[in-house]
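Chemist: Next come the chains, spelled out residue by residue.
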Amino acid sequence: MCGIIGIVLRERGLLLKPLGTAIKECLKNLEYRGYDSVGFAILSNDGLVIRKSKGKIDDVTSKLSFDESDGVCGIGHTRWATHGKPSDVNAHPHIDCSGRIAVVHNGVIENYLEVREVLVGRGHEFKSETDTEVVAHLIEEYKKLGLKPYEAFKKAVSLLRGSYALSVLDLDEPSKIFFARNTSPLVIGIGEGVKFISSDIPAFLDYSRDVIVVQDYEVGYISRDVVVIEKLMDRNYEFDTNPPGTELVDHSSRVRHIDWTPEMARKGGYPHFMLKEIHEQPQAVTNTLISVPEELEETTKLVSKADRVLVVGSGTSYHASLIGGLLLNDIAGIKAHAVISSEMKWFINSVDEGDVVIAVSQSGETIDTLLALREAKRRGALTIALTNIIDSALARESHLTIYTRAGPEIGVAATKTFAAQVVTLTYMAIKLAERLRTAPEGRVSDLKSWLRELPNIMSAAISISESKVRALSGVTTIWRSIYYLGRGLGLPTSMEGALKLKEVAYIHAEAYPAGESKHGPIALVDDGFPVAFTILGGEVDLILSNVEEMRARGAWTLAVMPKGLERISRYFNYIFELHHLPYELTPAVYIIPYQLMAYYAAVARGYDPDKPRNLAKTVTVV
Amino acid sequence: MERAVILVGGVGSGIRPISGGMPKALLKVAGKSVVERIIENLLICGLKEVILVSDQPTLFEDITVKYGRIIDVQIVKQVGSGIRDAILSAKDMINKASLLIYGDTLIPYDAYKMVIDAYITYGKPTIMVVPEEDVKLYGAVMIGDENRVSNFVEKPNTNIEGAYAYGGIAVLDEELVETLEEFSKVDEAINKYISKKVLKAAIWSGWWVDIGFPWDLLKANYYILNELDSIKISSKASIAPTAIIRGPLIIEDDVVVDHYAVLEGPLFIGRGSEVNAYSLIGKYSSLEEMTYIDTHTEVFWSSTQPKAVVGRGSHIYLTVIGNEAVVEGGVMTAADIRKDLILKTVVGKKLTLSKELLNILELSPFIESRARVKAGTVMRLKP
Numbered sequence: 001m002c003g004i005i006g007i008v009l010r011e012r013g014l015l016l017k018p019l020g021t022a023i024k025e026c027l028k029n030l031e032y033r034g035y036d037s038v039g040f041a042i043l044s045n046d047g048l049v050i051r052k053s054k055g056k057i058d059d060v061t062s063k064l065s066f067d068e069s070d071g072v073c074g075i076g077h078t079r080w081a082t083h084g085k086p087s088d089v090n091a092h093p094h095i096d097c098s099g100r101i102a103v104v105h106n107g108v109i110e111n112y113l114e115v116r117e118v119l120v121g122r123g124h125e126f127k128s129e130t131d132t133e134v135v136a137h138l139i140e141e142y143k144k145l146g147l148k149p150y151e152a153f154k155k156a157v158s159l160l161r162g163s164y165a166l167s168v169l170d171l172d173e174p175s176k177i178f179f180a181r182n183t184s185p186l187v188i189g190i191g192e193g194v195k196f197i198s199s200d201i202p203a204f205l206d207y208s209r210d211v212i213v214v215q216d217y218e219v220g221y222i223s224r225d226v227v228v229i230e231k232l233m234d235r236n237y238e239f240d241t242n243p244p245g246t247e248l249v250d251h252s253s254r255v256r257h258i259d260w261t262p263e264m265a266r267k268g269g270y271p272h273f274m275l276k277e278i279h280e281q282p283q284a285v286t287n288t289l290i291s292v293p294e295e296l297e298e299t300t301k302l303v304s305k306a307d308r309v310l311v312v313g314s315g316t317s318y319h320a321s322l323i324g325g326l327l328l329n330d331i332a333g334i335k336a337h338a339v340i341s342s343e344m345k346w347f348i349n350s351v352d353e354g355d356v357v358i359a360v361s362q363s364g365e366t367i368d369t370l371l372a373l374r375e376a377k378r379r380g381a382l383t384i385a386l387t388n389i390i391d392s393a394l395a396r397e398s399h400l401t402i403y404t405r406a407g408p409e410i411g412v413a414a415t416k417t418f419a420a421q422v423v424t425l426t427y428m429a430i431k432l433a434e435r436l437r438t439a440p441e442g443r444v445s446d447l448k449s450w451l452r453e454l455p456n457i458m459s460a461a462i463s464i465s466e467s468k469v470r471a472l473s474g475v476t477t478i479w480r481s482i483y484y485l486g487r488g489l490g491l492p493t494s495m496e497g498a499l500k501l502k503e504v505a506y507i508h509a510e511a512y513p514a515g516e517s518k519h520g521p522i523a524l525v526d527d528g529f530p531v532a533f534t535i536l537g538g539e540v541d542l543i544l545s546n547v548e549e550m551r552a553r554g555a556w557t558l559a560v561m562p563k564g565l566e567r568i569s570r571y572f573n574y575i576f577e578l579h580h581l582p583y584e585l586t587p588a589v590y591i592i593p594y595q596l597m598a599y600y601a602a603v604a605r606g607y608d609p610d611k612p613r614n615l616a617k618t619v620t621v622v
Numbered sequence: 001m002e003r004a005v006i007l008v009g010g011v012g013s014g015i016r017p018i019s020g021g022m023p024k025a026l027l028k029v030a031g032k033s034v035v036e037r038i039i040e041n042l043l044i045c046g047l048k049e050v051i052l053v054s055d056q057p058t059l060f061e062d063i064t065v066k067y068g069r070i071i072d073v074q075i076v077k078q079v080g081s082g083i084r085d086a087i088l089s090a091k092d093m094i095n096k097a098s099l100l101i102y103g104d105t106l107i108p109y110d111a112y113k114m115v116i117d118a119y120i121t122y123g124k125p126t127i128m129v130v131p132e133e134d135v136k137l138y139g140a141v142m143i144g145d146e147n148r149v150s151n152f153v154e155k156p157n158t159n160i161e162g163a164y165a166y167g168g169i170a171v172l173d174e175e176l177v178e179t180l181e182e183f184s185k186v187d188e189a190i191n192k193y194i195s196k197k198v199l200k201a202a203i204w205s206g207w208w209v210d211i212g213f214p215w216d217l218l219k220a221n222y223y224i225l226n227e228l229d230s231i232k233i234s235s236k237a238s239i240a241p242t243a244i245i246r247g248p249l250i251i252e253d254d255v256v257v258d259h260y261a262v263l264e265g266p267l268f269i270g271r272g273s274e275v276n277a278y279s280l281i282g283k284y285s286s287l288e289e290m291t292y293i294d295t296h297t298e299v300f301w302s303s304t305q306p307k308a309v310v311g312r313g314s315h316i317y318l319t320v321i322g323n324e325a326v327v328e329g330g331v332m333t334a335a336d337i338r339k340d341l342i343l344k345t346v347v348g349k350k351l352t353l354s355k356e357l358l359n360i361l362e363l364s365p366f367i368e369s370r371a372r373v374k375a376g377t378v379m380r381l382k383p
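Note that the protein sequences, when read in sequence, are chains A and B.
Quick note on the numbering used here: the first sequence kicks off at 1 and runs consecutively.
Quick note on the numbering used here: the second sequence kicks off at 1 and runs consecutively.
These aren't lab readings, by the way, just hints derived from the structure by calculation.
Each residue gets a CB set at the ideal place from its N, CA and C atoms; glycine is no exception.
Any given hint could turn out to be false.
[Stated by the list, open to error] Covered stretches of chain B (chain A as the covering partner; in silico rule of three or more C-beta atoms under 8 angstroms from a C-beta of chain A):
1. 144-154
2. 202-215
3. 352-361
[Claimed, not checked] Pairs of lysine-lysine, BS3-like flavour, derived with a Cα cap of 30 angstroms:
4. Lys267/A to Lys136/B
5. Lys127/A to Lys85/A
6. Lys113/B to Lys28/A
7. Lys197/B to Lys56/A
8. Lys267/A to Lys349/B
9. Lys136/B to Lys382/B
10. Lys113/B to Lys197/B
11. Lys113/B to Lys63/A
Can you make the complete structure from the sequences, with help from the hints?
Modeler: Structure (structure tokens):
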């Protein structure tokens, strides 16, 4: 996980700020992709200026005075270490021996060790431990052998195996930025007199609304006037100087106009993105409910004929998958199971043409989910992607795609995309129940009308819970460990709540089926041990016995439950009372106090909830 | 955004016993008055001009001198009383998008940054709100889609479910100020304004203190002293070699700490104060300048305003002592409180203090400015 940016200007000063400042701002918008080291290379009057260092973007950019560096052409990088620890030397850009070529890269080059060995044999000196540095030296080597810079770049790329989004500056073909993509995301932005190449759209949204998504095995360059994209035809990994076969791509029909506002990548009135995104959930659900019915029309037709449905996802997306799986069984009578993406391998043997695999991933680039989808597809299953990112890998590789319309999510801990995923899968189950007549007609129309009310109910849940959560944050600072217990849909809701608390507040949190809690976990409960109960409505009496078991051991109990259950309120030390609504629609609402609890616990404990340690927004490594 | 207008006029009936009628903005927390803390935060945010609105401008002259070299500070005389009149007194300065700040609100500087950022992002007037459980003591703000303010109640009679507390910072525009002129109440004007225009709310999740009552100074002590991260002792202070010093703290010029005194931070001891032998100054205590603590005295989570005196063998817990007040020897305040139980409730840096603790703070005694407490007096929590 890393973020890359490249900018070419028609003339100096076109953005009304130094190029270094523009690179810094673009990188800030890519910070969610990683933030352990930062660097840039700018082509200026003095040649190639390279500055890079370990550290967070704000610190590094001020230390290395990005704001005082100007030029017409530059690349930048924010790193998330995979090969080689975070350090000044391992920070990108990487250069060749002559210092004329600068490379930034996101991904993992699998054959870098063997390429490196060959290059070392030819006299190249390596400075870093990264896989990226081979690219710079490889281009240099081909240039030495007589190829022109761009040809040498293409040749170098054809030799690489693994995943990469590359962006390269070469002093010998100034005012061009070369790029190439395989697996790792890469987009081009086209603005007035300026062109961008970046890992993600929000990087340049302040300047440019027209984008082209670069596809796998495409190489090319951006310059002040043109965008050139070529498809790499042969990838034979031979070390010779024959230029690789390429085919020019007509990209005119691939330009898309993005209508998000650039503010969406700013905090706009919140101290953190995570809080902002929690508050944006009603809007995310509204937008999703407007757009998905059309996409669901065709998918439900196909899903209704399936022998079996597997819903796969990782992390938060897995929890949404669990909710989707439960509802498909419960209201549509479909044999559906949720599977963790990285565990799909052990289910795959039974997957065949009769199956439908729904792959859920916010970014659409999660490698585990992508691999699961590929394998299922290869075995003849119908594949459906559910993602928030247009044209992401998952969307391109699946037979059908459903997009959640949550808008870009910057906080590493997923919140609004979870709500959008859950609502989409719920809607799918309702539509299937309607199509398959597994639920009474009145019930279906009832659920549909409640679904339209959901954004308002969520808004109310946020404002009612927030002050209670903030007041509770004092208690959370002494927690070492907490259980989240629930039954039915309350279980995945609990799991998601526990995951949030782990992710941003670093408190050990474990979700368990409430009925199972006495088979083991209860052994840990003693005086003051916090236990949160997710009570959705139908299971009150069942869960109450679990509450009593916990209280008998001295547990400190918290409940997220519907209003109007006064008779059980004395069982709890702290209560979040939420709107009463049909059981099937509760998860998107009842998760809200838990999301806020994780956020405020992180703030109270002095952590930055937007940048949890050891986590990255999009996980593109297995 | 270049200019901030700070309303420093309020005397505040709730805290008058401590302030002796001085404006609330001049009360001291860990060596700096509330208004000084606000100005320093504004400096970090890059503002260039500060306007203080007060009905007693002369009291703020020292501040204009102190900060005048680094930021443009002006004082405007307030005409009339109350928030509305204060805003209108400076209306010519507010109309060009400036930050409007209540001079009795303490918050970390990120909160100012957040509000400025929100205004720049939306280009719409913005007010800061805080998720508080009981909004009765503050203004109540209801928010709707995309954080538009949908209702504002300046002095709610009852708690309103789902409402946020008004956080004392806003960016207003010309039209909102003009609307204010038409109405006698701030909330009526705001509700009129939002019936046709957009007013945004920015949600602050960190700590904030609105100074209205003596115990609010104890809250402020807690949050501000918790931000200390080192031991700073002036080279002009005189610390006995047998004194024990622990935890982050600030000791200013000319402080005397005598033999066997124990200082347990986070705490603050202001210029010219004296802590005599065998005395213990505990966590979250702030002794403002020229405080005199006699021997064998324990002070815990208390605030002494300038020139307060505490006699020998006293036990001062959770107490605010007004300026120039004299507490004679052997006095116990909050005698029924156990320190260990209080400290247990504040592990870590809380965003809000627990309800139980707030109740105790509100019931704990305070000693009026220039009062004298007789030797041997025992004060318990108010029943």
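Chemist: Which hints from the list above does the structure break, by number from lowest to highest?
Modeler: 7
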